[in-house]
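Whenever a hint applies, use it, and build me the whole structure from the sequences.
Going down the list, the sequences are from chains A and B. First residue of the first sequence: 114, per the numbering used here; consecutive thereafter. First residue of the second sequence: 114, per the numbering used here; consecutive thereafter.
Misleading hints may appear alongside valid ones.
A few chain B residues that don't get close to chain A, going by computed Cβ distances all over 12 Å [to be verified]:
id	residue
1	Glu133
2	Lys201
3	Gly229
4	Leu368
5	Asp409
Covered by chain B, according to a simulated footprint, are these stretches of chain A (three or more residues, beta-carbon under 8 Å) [claimed, not checked]:
id	region
6	316-323
7	402-410
Read the hints as simulated data drawn from the structure, not as lab findings. Quick reminder that beta carbons are idealized off the backbone N, C-alpha and C, glycines included.
Here is what each chain is made of, one letter per residue.
2 protein chains.
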Amino acid sequence: MYRIALDVMGGDFAPQVTLEGATFALKSFPELHLVLVGPQRVIAPFLTYPRVEGIFAEEVVYMDESPGEALKKKRGASIFVGLDLLKKGYAQAFVSAGNSGAVVAGSMFILGRLTGVRRPAIATLLPTLREPMVLIDAGANVDSKPYDLYQFAVMANLFLETIWGRPQPKIALLSIGEEIGKGNFLVKETHKLLSASSLNYYGNIEGRDIYRGEVDIVVCDGFIGNICLKLSEGLAETILEMLKKEVKESFLYLLGMSLAKGALKAFKKKTDWREYGGAPLLGVKGNVIISHGKSDALAIKNALRQALHFAKLDLANQLEKAIQQHHIEEEEVAD
Amino acid sequence: MYRIALDVMGGDFAPQVTLEGATFALKSFPELHLVLVGPQRVIAPFLTYPRVEGIFAEEVVYMDESPGEALKKKRGASIFVGLDLLKKGYAQAFVSAGNSGAVVAGSMFILGRLTGVRRPAIATLLPTLREPMVLIDAGANVDSKPYDLYQFAVMANLFLETIWGRPQPKIALLSIGEEIGKGNFLVKETHKLLSASSLNYYGNIEGRDIYRGEVDIVVCDGFIGNICLKLSEGLAETILEMLKKEVKESFLYLLGMSLAKGALKAFKKKTDWREYGGAPLLGVKGNVIISHGKSDALAIKNALRQALHFAKLDLANQLEKAIQQHHIEEEEVAD
Numbered sequence: 114m115y116r117i118a119l120d121v122m123g124g125d126f127a128p129q130v131t132l133e134g135a136t137f138a139l140k141s142f143p144e145l146h147l148v149l150v151g152p153q154r155v156i157a158p159f160l161t162y163p164r165v166e167g168i169f170a171e172e173v174v175y176m177d178e179s180p181g182e183a184l185k186k187k188r189g190a191s192i193f194v195g196l197d198l199l200k201k202g203y204a205q206a207f208v209s210a211g212n213s214g215a216v217v218a219g220s221m222f223i224l225g226r227l228t229g230v231r232r233p234a235i236a237t238l239l240p241t242l243r244e245p246m247v248l249i250d251a252g253a254n255v256d257s258k259p260y261d262l263y264q265f266a267v268m269a270n271l272f273l274e275t276i277w278g279r280p281q282p283k284i285a286l287l288s289i290g291e292e293i294g295k296g297n298f299l300v301k302e303t304h305k306l307l308s309a310s311s312l313n314y315y316g317n318i319e320g321r322d323i324y325r326g327e328v329d330i331v332v333c334d335g336f337i338g339n340i341c342l343k344l345s346e347g348l349a350e351t352i353l354e355m356l357k358k359e360v361k362e363s364f365l366y367l368l369g370m371s372l373a374k375g376a377l378k379a380f381k382k383k384t385d386w387r388e389y390g391g392a393p394l395l396g397v398k399g400n401v402i403i404s405h406g407k408s409d410a411l412a413i414k415n416a417l418r419q420a421l422h423f424a425k426l427d428l429a430n431q432l433e434k435a436i437q438q439h440h441i442e443e444e445e446v447a448d
Numbered sequence: 114m115y116r117i118a119l120d121v122m123g124g125d126f127a128p129q130v131t132l133e134g135a136t137f138a139l140k141s142f143p144e145l146h147l148v149l150v151g152p153q154r155v156i157a158p159f160l161t162y163p164r165v166e167g168i169f170a171e172e173v174v175y176m177d178e179s180p181g182e183a184l185k186k187k188r189g190a191s192i193f194v195g196l197d198l199l200k201k202g203y204a205q206a207f208v209s210a211g212n213s214g215a216v217v218a219g220s221m222f223i224l225g226r227l228t229g230v231r232r233p234a235i236a237t238l239l240p241t242l243r244e245p246m247v248l249i250d251a252g253a254n255v256d257s258k259p260y261d262l263y264q265f266a267v268m269a270n271l272f273l274e275t276i277w278g279r280p281q282p283k284i285a286l287l288s289i290g291e292e293i294g295k296g297n298f299l300v301k302e303t304h305k306l307l308s309a310s311s312l313n314y315y316g317n318i319e320g321r322d323i324y325r326g327e328v329d330i331v332v333c334d335g336f337i338g339n340i341c342l343k344l345s346e347g348l349a350e351t352i353l354e355m356l357k358k359e360v361k362e363s364f365l366y367l368l369g370m371s372l373a374k375g376a377l378k379a380f381k382k383k384t385d386w387r388e389y390g391g392a393p394l395l396g397v398k399g400n401v402i403i404s405h406g407k408s409d410a411l412a413i414k415n416a417l418r419q420a421l422h423f424a425k426l427d428l429a430n431q432l433e434k435a436i437q438q439h440h441i442e443e444e445e446v447a448d
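Below is the structure:
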């Protein structure tokens, strides 16, 4: 049995969908023991379920709140109370679809970094033409240094190998040309570190090739990673919206699109981030899974599945070992 | 009459499509006097056309060649010979769909920067749900400083006002949150400069909102701009490819998609970068238009139209004045 804490108030559609997702997960995963974290009035009705307990947290960090402010003024909010449970060792993993900045800030402050880790990073799974791949960092940091990116690669490597069973994943650096030496200072310096490592380093990958699925891990600074992620979401929506507009202009188009609806549906399922179960925050002392703010019950259930894997395999601990194994002396690294 | 130089050998489908595009442009723009730059055997048949002359350049810079190497070893290539014509004042604008790195490097070396400009930048037009918008810098620079980004905004502003007749365009900084103070060091410092300026500054824009068309100009470092651009192209292709795959699996889907074909076509036309006529390199001493490597005849024709506008309005000269008007003393700027 593994004890997983769930931030019941996290996400745009909480607490309804978080609780629904929790119910699904309890049915599907017999090893799951759930610790619901949230206001008493919200979680009380669920406390009679088997394998469920509750920890009351009356405050909520809203999606647009400043993480720093929240951490100062709302220490009793579900995000921070959940992280406290990890810290105390009472829960073995924590899932939140809430304010991701607050989850990152709270994790840094309450759990702290794994020994040797300079900065934790968010590892997001993205659909491609082949297998899903990991984009790291998806937005935990800005202004990263070469050694940070190198550590992101080490952590994502272990994550894909251990949790997704993909041995020796191909690791690429996001850049503006495939040739070695193309890129900014950060990419050029990180390239040296990855080349000299034992990782399966592929070289640079361009923006155009991310979704082709030729590599398993794309490494970049969190500023760029977050922009890429949101740009992709926005562009996909825009393309579908533009298509819809055109289709509305003729009955024939409408008919055609309704006939092709199944294809659109299958396509949507294949590219559905909800299937992947949230993005782990790698590098902190504890197993933290950040779920998308727009998570529905399916996404929450899958995030809980991933949290369960993290707990079972004691991933945070394994990450610490990997970081130590891949340690490079400071003086050999540009800053 | 305006004399525009065209790199006949530039682009993946040169010289056929460049010459075809040139022919279209000559028909459509009576003020156009074309200077074809390329190998004698290629351009000789066109020299009997009215309003056409040729300058022979026997060498070609290939698409994957290192710009620095090319500049050293192939000074007689069409890109550099075309830029020489601008430098001498023989042509008033230059269009190339060739190796864009070589066009940038050649422009810097042969033409030089406008007085006061620290770095030239590529301004690319992108489709949105509303009007097309400008992304600057699309890849001329990496590791830009705050004052560089500020100057990119000044130049793109004049470009949209003058060439596209859009008064007081809304200018945004690409970042990872809309709130002031969200972003990396570069964004935070550039924010101060834009806030204090007379430009119509909107604040931050997130990756997700670029294609909504709420702003007219999106400013970012060329490393990020280039990644965004290529990511967008790649993702759009991937989405259509995935859809096709699904559609092939059922006759009904196929039928549906063929009925909806007109909608897809209209959609494609609306998002067609070829309509916009290439991306100007702003900030060098001369009117340089970089066309997409995959340009077809339509794209070349539209790039020539834009070059004509640049020549007529003497845009390079106007940019120099704008940069001087918006000058900020060095000591007030973070680096």
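Hints and how they fare:
1. Glu133: 26 Å, holds
2. Lys201: Nearest chain A Cβ is 32 Å from B/Lys201, so the label holds.
3. Gly229: 24 Å, holds
4. Leu368: Nearest chain A Cβ is 6 Å from B/Leu368, so the label is violated.
5. Asp409: Its Cβ never comes within 12 Å of chain A, the nearest being 19 Å, so this holds.
6. 316-323: Three-residue rule met by the region 316-323 of chain A, so holds; n is 5.
7. 402-410: Not satisfied, violated; 0 residues make the cut.
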